[in-house]
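Number of protein chains: 2
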Amino acid sequence: MTVKKDYVRPLDVKNGRIDMNHGAGGRASMQLIEEVFARAFDNDFLRQGNDGATLPVPAELLEGGRLVMSCDGHIVSPLFFPGGDIGCLAVHGTVNDVAMMGARPLYLSASFILEEGFPLADLKRVVESMAAAAREAGVPVVTGDTKVVEQGKGDGCFIATTGVGVVPRGVAVGGANAKAGDVLIVSGTIGEHGVAVLSQRESLEFETAIVSDTAALHTLVAAMLRVAPPGAVHMLRDPTRGGLGTTLNEIARQSNVGMLIDEATIPMRPQVEAACELLGLDPLYIANEGKLVAAVAPEAADVVLAAMRAHPLGANAARIGSVVADEHRFVQMQTRFGGRRIVDWLSGEPLPRIC
Amino acid sequence: MTVKKDYVRPLDVKNGRIDMNHGAGGRASMQLIEEVFARAFDNDFLRQGNDGATLPVPAELLEGGRLVMSCDGHIVSPLFFPGGDIGCLAVHGTVNDVAMMGARPLYLSASFILEEGFPLADLKRVVESMAAAAREAGVPVVTGDTKVVEQGKGDGCFIATTGVGVVPRGVAVGGANAKAGDVLIVSGTIGEHGVAVLSQRESLEFETAIVSDTAALHTLVAAMLRVAPPGAVHMLRDPTRGGLGTTLNEIARQSNVGMLIDEATIPMRPQVEAACELLGLDPLYIANEGKLVAAVAPEAADVVLAAMRAHPLGANAARIGSVVADEHRFVQMQTRFGGRRIVDWLSGEPLPRIC
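First to last, the sequence lines map onto chains A and B.
Those letters in the first sequence? Residues -18 to 336, by this note's numbering.
Those letters in the second sequence? Residues -18 to 336, by this note's numbering.
Treat the hints as calculated values from the structure; they're not laboratory data.
Just so you know, these numbers come straight off a predicted model, no measurement behind them.
Accuracy of the hints is not assured; some may be wrong.
When chains are identical, the list treats them as one kind, so a pair holds in a single copy or across two.
[Said to hold, decoys possible] Straight-line Cα separation of at most 25 Å, DMTMM-like style, residue types lysine to aspartate or glutamate; simulated pairs:
1) Lys160 <-> Asp325
2) Lys134 <-> Asp325
3) Lys160 <-> Asp25
4) Lys105 <-> Asp263
5) Lys160 <-> Glu15
6) Lys160 <-> Asp243
7) Lys(-5) <-> Glu131
8) Lys(-5) <-> Glu280
9) Lys134 <-> Asp103
10) Lys134 <-> Glu96
11) Lys134 <-> Asp0
12) Lys105 <-> Glu16
13) Lys160 <-> Glu117
All chains, full assembly: derive it from the sequences and hints.
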């Protein structure tokens, strides 16, 4: 049997650009999907070739587990930054949101909104980074969609991802579950993602050795849940947009508690501290993409912390304070100089387009 | 207990506009989510308030069913058109992609990419339309995300939706399953969505009574599967971007078959025919958002067609031809004038930003 070639010639991935035809749903769309997306993401689910994927059901679901679903849009600017790009970020961000529910991430969907004129070489680089991140995480992109908007109506490439996962029976992790007395643990140094992205902004460009911490945290979460007594990990969240300061306020509000953290214990690289000083930014509000904060029952804190430190993504994990009873739901911080200050919500927008 | 107000004043939904703060993940983001999104989509899953939703598992999954996942990005321009808007379209598009797998749609995620300066009144209108469509379809939006890009880097509002559903045990519908001899059925008149959107384009604006056919087709699919002998519905697909002509070519390619359709039997409103003539467009390539095409085993065609016609969304359903053996995978059409022509893939882009 000879296979007929459906396209006259392959895409010019080196010099070509996205044009409106690539979003029209016809032959050009199909060629883009086959030569860029399907080739990179290659898996049995995508190979079904339908407008959706039919997926096997994991054993945990049949044993009393629940489904988890989470989504995230990615608009980071620039698309490529030290330590990562929008492609791997889109995988990590959604894998992490699913993992923060105490779930095992299973499948991803990816929706691309491309701007006319976007270089195919950049698209290929983004898609391959995304595919590598998905493979490394063990969470395949099983279905996708591509749309194209006219030049000036987009910004190169936006990616919206949705993740589906399964929470095993008995796991109950959530933003409303932090309790007074819980120990707050952060999984590592804060502020790297935001600083790495900022360092590439046209208006700012500065020299830094800082690279984004973007990473998939689901195996770290699994390691924590494995050692903790059932129900002892109350809350997990990744402090992305808005940083640790905003995340702690979100949790305080949701769980109706206060927090008291100790500035001196918050892990931070000296270069991040220096960059924040230079730019007049508070590292508490800088985005992270490979860190989590946990509220753990005090009797389980040591064993959970030890498990985190034994994991490559938790080597610098540290206790940073505790959850306290507080009807005002204030997040307070003991400063390095011995004072105490309120860590308020982020209200302004110091860092647009960070993820 | 008195509830403390967290915001100084409510959003000015009448005159306000999206600004970069609404995408920063801080207090302004939370206010937007609570006063616009959560209020409209209101359901128990969103009320969990986490970065994802924990969801119950449907009985069909436990009884040997499989999961289905599908996603779609929506960039339609203009955002509001006769018969619908980007909000309801985003629900219908993804519900339909899930339904075309023979699945019962369960849950939706929604990721919004908003442009700085987008009127809050327009956002509210879009979100309320989306919420109404989700309620009507019985498929809740369980999790979401909002990002904001600078003015000139987006186009008002893009929405990416992902749907999760369940295929009951024994159902095997797919684009690769059309078989020579199958009867091709279309569920109603074609071309309305594309013509309705085009009629609103600044450059074209013309008077038409045509409104978009945007609709959720999952109950129509359920009605078809209910009456058909097991396994008799081989293929279902909604001919959206690229229209019926492109969809039939996709299926021919995927199933490795040919198609022979009869022009005179394809249902079409006279106004759509007139508009297409006026604009020099072929209705076979015009997008639909509330129609499906099915390949059904010949012995089941009558009963399936009858069930479709008994459903409000299938009243104009018609046989339009059949699947034939053809190693070239051509889609051919018997014209009204007695000739035969090849219905080729859409290759150019007559209609950008249609969904």
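Hint-by-hint comparison with the structure:
1. Taking identical chains as interchangeable, the C-alpha atoms of Lys160 and Asp325 lie at most 25 Å apart only when both belong to the same chain, with a minimum of 20 Å there against 63 Å between chains.
2. For the homomeric pair Lys134 and Asp325, neither the shortest alpha-carbon distance inside one copy (35 Å) nor that between copies (30 Å) is at most 25 Å.
3. In this homomeric assembly, Lys160 and Asp25 come within 25 Å of each other (Cα to Cα) only across copies, at 22 Å, whereas the closest approach inside a single copy is 43 Å.
4. Proximity of Lys105 to Asp263 under the C-alpha cut-off of 25 Å is found in neither arrangement, the shortest distances being 35 Å within a copy and 33 Å between copies.
5. In the homo-oligomer, the alpha carbons of Lys160 and Glu15 lie at most 25 Å apart only across protomers (24 Å), although the nearest pairing inside one protomer, at 50 Å, exceeds that limit.
6. Taking the closest pair of Cα atoms, Lys160 and Asp243 come within 25 Å of each other only inside a single copy of the chain (18 Å); across copies the shortest separation is 68 Å, beyond that limit.
7. Taking the shortest Cα distances, Lys(-5) and Glu131 sit within 25 Å of each other inside one copy (21 Å), while across copies they are farther apart (29 Å).
8. Neither within a single protomer nor between protomers do Lys(-5) and Glu280 lie at most 25 Å apart by alpha-carbon distance, with minima of 57 Å and 51 Å respectively.
9. In this assembly of identical chains, the alpha carbons of Lys134 and Asp103 lie at most 25 Å apart whether taken from the same copy (18 Å) or from different copies (18 Å).
10. For the identical chains of this complex, Lys134 and Glu96 are neighbours both inside a copy (7 Å) and across copies (9 Å), given an alpha-carbon limit of 25 Å.
11. In this assembly of identical chains, the alpha carbons of Lys134 and Asp0 lie at most 25 Å apart whether taken from the same copy (13 Å) or from different copies (17 Å).
12. When the C-alpha separation of Lys105 and Glu16 is checked against a cutoff of 25 Å, the pair qualifies only within one copy, where the shortest distance is 9 Å, while the shortest distance between copies is 39 Å.
13. Neither within a single protomer nor between protomers do Lys160 and Glu117 lie at most 25 Å apart by alpha-carbon distance, with minima of 34 Å and 39 Å respectively.
In this structure, the earlier hints numbered 2, 4, 8, 13 are contradicted, and the remaining ones agree with it.
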